[in-house]
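Chemist: Based on these hints, arrange chain S on the given structure of chain C.
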Amino acid sequence: MNPLQTLRIALRALTRNKMRSFLTTLGVVIGVSAVIAMVAIGDGAKARVEATFAAMGSNMLIVLPGTSTAGGAMGGFGSMPTLTWDDLVAIQTEIPTVRAAAPQLRTNAQVMSEEQNWGTQVFGTTPEYFQIRTWPIAQGVLLTQGDVDGGSKVAVIGQTVADKLFGENSNPTGHAIRIKNIPFTVVGVLSKKGQSQWGQDYDDIVIVPVTTYQQKIKGSLKNYVEGSVAVSATSADTTSRAESQIRAMLRDRHRLPLGADDDFSIRNLSEIASAQQEGTRTLTTLLAAIAAVSLLVGGIGIMNIMLVSVTERTREIGLRMAVGAKPADIRLQFLVEALALAVTGGLIGVALGVFGAWRLATSFGWEVLYRPDVIAIAVGFSGLVGVVFGLYPAHKASRLDPITALRFE
Amino acid sequence: MSGRSLIQFQDVAKVYHMGDVEVHALRGVTLGIEQGEFTAIMGASGSGKSTMMNIVGLLDRPTSGTYLLEGEAVSTLSTERLAEVRNRTIGFVFQSFNLLARTSALENVELPMLYANVARAERIRRATASLDRVGLGDRADHHPNQMSGGQQQRVAIARALVSEPRVILADEPTGNLDSRTSVEVMKLFQELGHSGITVVLVTHEPDIAQYASRVIQMRDGRILSDQRQQPKEAVVPPWTDGDEVDAP
Chain C
1 MNPLQTLRIA
11 LRALTRNKMR
21 SFLTTLGVVI
31 GVSAVIAMVA
41 IGDGAKARVE
51 ATFAAMGSNM
61 LIVLPGTSTA
71 GGAMGGFGSM
81 PTLTWDDLVA
91 IQTEIPTVRA
101 AAPQLRTNAQ
111 VMSEEQNWGT
121 QVFGTTPEYF
131 QIRTWPIAQG
141 VLLTQGDVDG
151 GSKVAVIGQT
161 VADKLFGENS
171 NPTGHAIRIK
181 NIPFTVVGVL
191 SKKGQSQWGQ
201 DYDDIVIVPV
211 TTYQQKIKGS
221 LKNYVEGSVA
231 VSATSADTTS
241 RAESQIRAML
251 RDRHRLPLGA
261 DDDFSIRNLS
271 EIASAQQEGT
281 RTLTTLLAAI
291 AAVSLLVGGI
301 GIMNIMLVSV
311 TERTREIGLR
321 MAVGAKPADI
331 RLQFLVEALA
341 LAVTGGLIGV
351 ALGVFGAWRL
361 ATSFGWEVLY
371 RPDVIAIAVG
381 FSGLVGVVFG
391 LYPAHKASRL
401 DPITALRFE
Chain S
1 MSGRSLIQFQ
11 DVAKVYHMGD
21 VEVHALRGVT
31 LGIEQGEFTA
41 IMGASGSGKS
51 TMMNIVGLLD
61 RPTSGTYLLE
71 GEAVSTLSTE
81 RLAEVRNRTI
91 GFVFQSFNLL
101 ARTSALENVE
111 LPMLYANVAR
121 AERIRRATAS
131 LDRVGLGDRA
141 DHHPNQMSGG
151 QQQRVAIARA
161 LVSEPRVILA
171 DEPTGNLDSR
181 TSVEVMKLFQ
191 ELGHSGITVV
201 LVTHEPDIAQ
211 YASRVIQMRD
221 GRILSDQRQQ
231 PKEAVVPPWT
241 DGDEVDAP
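Residue numbers (our numbering), protein chains in the order written: chain C, 1 to 409; chain S, 1 to 248.
None of these hints come from the bench; they were simulated from the model. A hint or two may mislead.
Unchecked claim - Interface residues of chain S toward chain C, partial, derived using beta-carbon atoms under 7 Å:
{"no.": "1", "residue": "N54"}
{"no.": "2", "residue": "L59"}
{"no.": "3", "residue": "E70"}
{"no.": "4", "residue": "A83"}
{"no.": "5", "residue": "R86"}
{"no.": "6", "residue": "N87"}
{"no.": "7", "residue": "F92"}
{"no.": "8", "residue": "Q95"}
{"no.": "9", "residue": "L111"}
{"no.": "10", "residue": "P112"}
{"no.": "11", "residue": "L114"}
{"no.": "12", "residue": "Y115"}
Note that beta-carbon positions come from the ideal geometry of N, C-alpha and C, so glycine has one too.
Extracted from the complex, chain C is given alone in its bound form (with noise of 0.2 Å):
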């Protein structure tokens, strides 16, 4: 019989009893509906987490100088100057992983322009700094490495102290600006980042070329770094390899001895991106078995009301042996109900799932991604389903004996 006719009769046979072909593919449709929906809103806080870590800056390390000791007190991270701007120049050039290298003095001050005045938090970096950020620029231009050889009193703002300064909608560029009094002309606005985690607006910010920082802003020690360096990879993969890499190299030119501590300590920030993503990954995983849970006991339904299909049927299956069926033709028909109502059960579910994550994403504000592959494969997956739990009811109506069928009352 052809593949066409036989999805017709399984149809019809289904149709007959809508009710029970219904509750029948409840148990699919939950299912699917449960994994559709939680991996809709487990990828849309996933893309979250990441979108969050991207703005800090991709495959991010940073550098932190060593601790001072003052009397028995230790002064924290970055106490103590003991990078130097050489070391600055042996990440940058002599470990193949790293991609670019920057550093990242920092101060708070007082920022005026002509009309308002902003406390703000100041920025001595070099232009690499922006590419490590990746961090363009909205209007004007970024930081080049003139500015920074030639010391000048250039800035570039972000968008916040923008808004302040100017007001909103304005363009800066071109105007000047007093950074501790000291005159600085704006040549770039940063595009707009955000917030951090933590609440941390990253566009409260004005960044100048470290010379000019150093010379005008925050009088400094002349061969060490009194900040961190921000460091990126090549590549996410590369990341960890870049922090081992970093650390083996400045233990040697810090000439540590083998057991002594660090005098410096390396932030991962991938690391922690990492950390957030794998509680979002454990959580999916989670619901993925419960959802399969469900389809498995969707299955058992299947099965059970095919079974009882078949007995209820078995005058039919006798019946159509008499006119010449063959056991593979009655054993198809039977996977084919089975399967149909699976995959039935299965785009419902699909569509219970999305509408469902839909929901939930609107009313709790989260974010929902769908992805086309998981749908799929939820789909396939039911289908799959519809094939091993029907095989045994399609395998006993072939077996039956269209004497005995015929006789069946």
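Modeler: For chain S alone, coordinates are given in the frame of chain C:
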């Protein structure tokens, strides 16, 4: 017997095992049925007549002996081949009609052709023709529960005829019908016999057997008597006042 009979039984025996007990349903039956013959097989229950029908209809296989259908030894064929031969050569009519419920007469008649992979348009054409032949051309879209017993049995006969079989096997076809409708069905079978179709009928009612051209009596798995006769002509009595609608 001539080897050219349409249905040829040669010493056919059938033994069932029910637990430890052996039941000899057929004890060496030799028989030939010619094309176009209208044969009635009679006997009490347990005489082996149903077993014989099942073997003739390829639903069962003999334990020993050979069965030649159209000269082919069919007892050795695979289950799949048997289904094909059944589909092409044999039409079944049952006591309880065995129509598919909630399915129109036309679709019921189409059923055997589904398994012969006949195209849809051709199926409808042939099913309609077959329904016309049994006088139900105007009831094609009726469901079994909208028809009388006699009409249902005629749909079943149309279904048996649709694949143009050589043999129609009818197992107590009038068992659920009143006498008037029974005569109608017998008339139909006689017409089929005239058109060259071999009809084998199992019945325990002597009045029904009268319409056949040959009556075989069976007892204890053997043929007791085998007589050819002048069949009684099936004349459907005209409707009279007070006649029922032929319900089962």
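Chemist: For every hint, state whether the structure bears it out.
Modeler: Now the hints, each set against the structure:
1. N54: holds (5 Å)
2. L59: holds (5 Å)
3. E70: violated (16 Å)
4. A83: holds (4 Å)
5. R86: holds (5 Å)
6. N87: For N87 (chain S), the interface hint holds, since the closest Cβ of chain C sits about 3 Å away, which is under 7 Å.
7. F92: holds (5 Å)
8. Q95: violated (10 Å)
9. L111: Holds: closest Cβ of chain C sits about 6 Å from L111 (chain S), inside 7 Å.
10. P112: holds (4 Å)
11. L114: holds (5 Å)
12. Y115: Y115 (chain S) check passes; min Cβ-Cβ to chain C is 4 Å, inside 7 Å.
The structure fails to meet hints 3 and 8 from the earlier list, while all remaining hints are met.
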